[in-house]
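Q: Letter by letter, the chains look like this.
Number of protein chains: 4
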Amino acid sequence: MSNLKVVFLNCTLKKSPKKSNTDALIQKAVDEYDKINIDSTVIRVVDHNVATGVSSDEGQGDEWPDIYKKVLEANIIIIATPIWFGVRGSVCQKVMERLSGGYDEADPTTGQFPLYGKVGACIVTGNEDGAHDVCANTLFNLTHIGCTIAPNSDSYWVGEAGPGPSYIEVGQKSLYTNKTIRFLVHNTAWMAQMLKNNPIPTNLKELETAAKQVSNLDGQ
Amino acid sequence: MSNLKVVFLNCTLKKSPKKSNTDALIQKAVDEYDKINIDSTVIRVVDHNVATGVSSDEGQGDEWPDIYKKVLEANIIIIATPIWFGVRGSVCQKVMERLSGGYDEADPTTGQFPLYGKVGACIVTGNEDGAHDVCANTLFNLTHIGCTIAPNSDSYWVGEAGPGPSYIEVGQKSLYTNKTIRFLVHNTAWMAQMLKNNPIPTNLKELETAAKQVSNLDGQ
Amino acid sequence: MSNLKVVFLNCTLKKSPKKSNTDALIQKAVDEYDKINIDSTVIRVVDHNVATGVSSDEGQGDEWPDIYKKVLEANIIIIATPIWFGVRGSVCQKVMERLSGGYDEADPTTGQFPLYGKVGACIVTGNEDGAHDVCANTLFNLTHIGCTIAPNSDSYWVGEAGPGPSYIEVGQKSLYTNKTIRFLVHNTAWMAQMLKNNPIPTNLKELETAAKQVSNLDGQ
Amino acid sequence: MSNLKVVFLNCTLKKSPKKSNTDALIQKAVDEYDKINIDSTVIRVVDHNVATGVSSDEGQGDEWPDIYKKVLEANIIIIATPIWFGVRGSVCQKVMERLSGGYDEADPTTGQFPLYGKVGACIVTGNEDGAHDVCANTLFNLTHIGCTIAPNSDSYWVGEAGPGPSYIEVGQKSLYTNKTIRFLVHNTAWMAQMLKNNPIPTNLKELETAAKQVSNLDGQ
Chain D
215 MSNLKVVFLN
225 CTLKKSPKKS
235 NTDALIQKAV
245 DEYDKINIDS
255 TVIRVVDHNV
265 ATGVSSDEGQ
275 GDEWPDIYKK
285 VLEANIIIIA
295 TPIWFGVRGS
305 VCQKVMERLS
315 GGYDEADPTT
325 GQFPLYGKVG
335 ACIVTGNEDG
345 AHDVCANTLF
355 NLTHIGCTIA
365 PNSDSYWVGE
375 AGPGPSYIEV
385 GQKSLYTNKT
395 IRFLVHNTAW
405 MAQMLKNNPI
415 PTNLKELETA
425 AKQVSNLDGQ
Chain E
215 MSNLKVVFLN
225 CTLKKSPKKS
235 NTDALIQKAV
245 DEYDKINIDS
255 TVIRVVDHNV
265 ATGVSSDEGQ
275 GDEWPDIYKK
285 VLEANIIIIA
295 TPIWFGVRGS
305 VCQKVMERLS
315 GGYDEADPTT
325 GQFPLYGKVG
335 ACIVTGNEDG
345 AHDVCANTLF
355 NLTHIGCTIA
365 PNSDSYWVGE
375 AGPGPSYIEV
385 GQKSLYTNKT
395 IRFLVHNTAW
405 MAQMLKNNPI
415 PTNLKELETA
425 AKQVSNLDGQ
Chain X
215 MSNLKVVFLN
225 CTLKKSPKKS
235 NTDALIQKAV
245 DEYDKINIDS
255 TVIRVVDHNV
265 ATGVSSDEGQ
275 GDEWPDIYKK
285 VLEANIIIIA
295 TPIWFGVRGS
305 VCQKVMERLS
315 GGYDEADPTT
325 GQFPLYGKVG
335 ACIVTGNEDG
345 AHDVCANTLF
355 NLTHIGCTIA
365 PNSDSYWVGE
375 AGPGPSYIEV
385 GQKSLYTNKT
395 IRFLVHNTAW
405 MAQMLKNNPI
415 PTNLKELETA
425 AKQVSNLDGQ
Chain H
215 MSNLKVVFLN
225 CTLKKSPKKS
235 NTDALIQKAV
245 DEYDKINIDS
255 TVIRVVDHNV
265 ATGVSSDEGQ
275 GDEWPDIYKK
285 VLEANIIIIA
295 TPIWFGVRGS
305 VCQKVMERLS
315 GGYDEADPTT
325 GQFPLYGKVG
335 ACIVTGNEDG
345 AHDVCANTLF
355 NLTHIGCTIA
365 PNSDSYWVGE
375 AGPGPSYIEV
385 GQKSLYTNKT
395 IRFLVHNTAW
405 MAQMLKNNPI
415 PTNLKELETA
425 AKQVSNLDGQ
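Residue numbers (my numbering), protein chains in the order written: chain D, 215 to 434; chain E, 215 to 434; chain X, 215 to 434; chain H, 215 to 434.
Next up, chain D with everything else stripped away, as it sits in the complex (with noise of 0.2 Å):
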């Protein structure tokens, strides 16, 4: 799986060189992908001037379009994000908004939207509950933009109930972390090859054509 390659978007609210939890669990996932040959880009968000906005493209000094670049040319890309007040934090919903400009962006001829072919993931550290959340939005959203979501293609780390240590601090040692960011590099690995080698066919615009046609075009 030589040729395939993988983005993270670490979406930690906190710049380099401050430690950070998620980068902590996506360098697991970068070892893993490492042994099946696989190239991994980890991006730190909040180091780079992202704007706020919906668009691919906000201007006036938006370091989007770079980031949006190495998406487009990965073949599985990972959003990896703290919790903050039990959901995703600020900087990965910042990203989702980002990413839903590709809504706009569809192939001309198939209507599929830029992320289709493309295998997504969400990894998530915290200091206690919420990865489910953040984990069902990420993915669902991923969905809405063209990416498959392979079996098992979540790993996160929360500790118990409350204020408490954090994933650096606890020693890495979950099994059920451990477990599953392999799970996750694994299935993600064997979806993107298989995509790569069999695109998507469906052709969207047909489709919506066809559905016009049985639609009330007014609303409802």
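Zero decoy hints are in this set.
In silico DSS-like links for lysine-lysine, alpha-carbon gap of 25 Å or less: (1) K242(H) - K419(X); (2) K233(H) - K284(H); (3) K242(X) - K426(H); (4) K426(D) - K242(E); (5) K387(X) - K419(H); (6) K426(X) - K242(H); (7) K219(X) - K249(X); (8) K284(X) - K219(X); (9) K419(X) - K249(H); (10) K284(D) - K249(D).
Partial list, computed: chain H residues near chain X (C-beta under 8 Å): (11) A350; (12) G360; (13) K393.
Derived from the structure by calculation, the hints contain no laboratory data.
A quick note: this is a predicted structure, and the numbers were derived from the prediction, not measured.
Quick reminder that beta carbons are idealized off the backbone N, C-alpha and C, glycines included.
Knowing the structure of chain D, use the given hints to seat chains E, X and H on it.
A: Coordinates of chains E, X and H only, in the frame set by chain D:
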């Protein structure tokens, strides 16, 4: 694709013969699958005696095992549900709880959960608001027990904010819903065929063994 | 505060006499209410024949009306539930669906929903992750049917990521949980007393009449 | 109620002078508060340089401290936000992250968090779907840092499923939204007055001390 099977679990709260808005949207999908020679089985869960619990067989008149057998025979599993109070209805939640029993029934050799190789999707109707939450949680849960989620594998109809007419009452002519139901059918069908031709090879048991070697087996 | 009443709806999936982790946390709250002379009623919903539906009385052996009567007599209503697949369990969802029947039973003069003047709270136990989602949805739903939510009116215990021991097994000694259960008891008690002494005067019917004058009654 | 103050944090992604649908709904609330002699302050967060972070002051040009000062002076705090990809927008999430800094600034005597005694509410606009998720999480987060939530303290407008016109475009004549904005205004005003007259007496520090005596301070 004539050998593929799809099963819909209609999780309406209303027993037959009451009208089910969710069934109205299911029938649109059935028609589209029919056009590409895929047979559908629709199960209205509330018409059966499905026990509350989290195993695959709760005994004592529990009719879930019969339903679960059809789930295991299908290539595509579609959870269809109304929204109640902003989230998936209680019948849908009960179905997901019963499906989670599959965690304990992994393949003895590969460790794969029972729905590996199958494709999941979600259909939702409601008077208003809540479809994203329902789809996100439901599709995410399905990935945990083995399903693959193709792009654009949800279709829903909800009205504008507040109480109002339901899907049948408004005439079922929403372009968005008619479009997304077609995307769902074609993408799930193609993905199911591909997974049938190319079984997921990941050996979860071996990966778990590898994970144990770097984990603290007492937790954290 | 000896005239206040609290009712707990324990939404465990397990019938008596099976051990309920959720009940273990409920009992901590009962003890604290007892210290300030507030009587508790604990109802294990799954021991009763509660019908699926969205009205206050579904007829035919439905035992919800008896439970609902106790809800209406109480000053403090506490929804207590386990987490299943990251969200509130199906019994809890069924309870919320039944409570939503109260929307149709507003006071004829004020338009206030039946739980106006009451205080809501939420108690959650789970092996791992999901408490925020459960509490957020449940407390929000309670406000829609009339409850007031005092500060810090949720208490939960969940373990770290992945399967693991449950609340009773770990010994129930979490400081976070022991602390938040006390916050919940004292804040709900004070708020209930205050609302008993000071009924909410808002006339929803008059406000709806005013709203109609600036609205398009055909929707949007 | 002429001495009460309300602050709205408008979390639109769009800077002034672009039109904000969320602001259109805020203005309806402002008008209703005005009728009962309550002054409103509306802050469009994205017009200010609010740093990403989880403390009350991130230094270096961070304008959050000025906004937070107005939050602390208000009796009623209303988080107003658009929906993006089914959940609250990134600016709203950033605001909630910054508000969570208040956890570390509890009253030295009572242990109460800075927003104790204040009333929270939520206003949402979106093209479609997601309002319940936004309100549930946001109101729940507010209770954690001290706010009380009165009944019916959310108001939102969303269109039917799929892309479509926004709140300003449809003419702002939804009865549901016009009704709930009035419920919100009157219930928050009454609750804020009552909490001003009757400060919450709970001593969280003493309750924490009591909790410690029955807890394992090493976790679980």
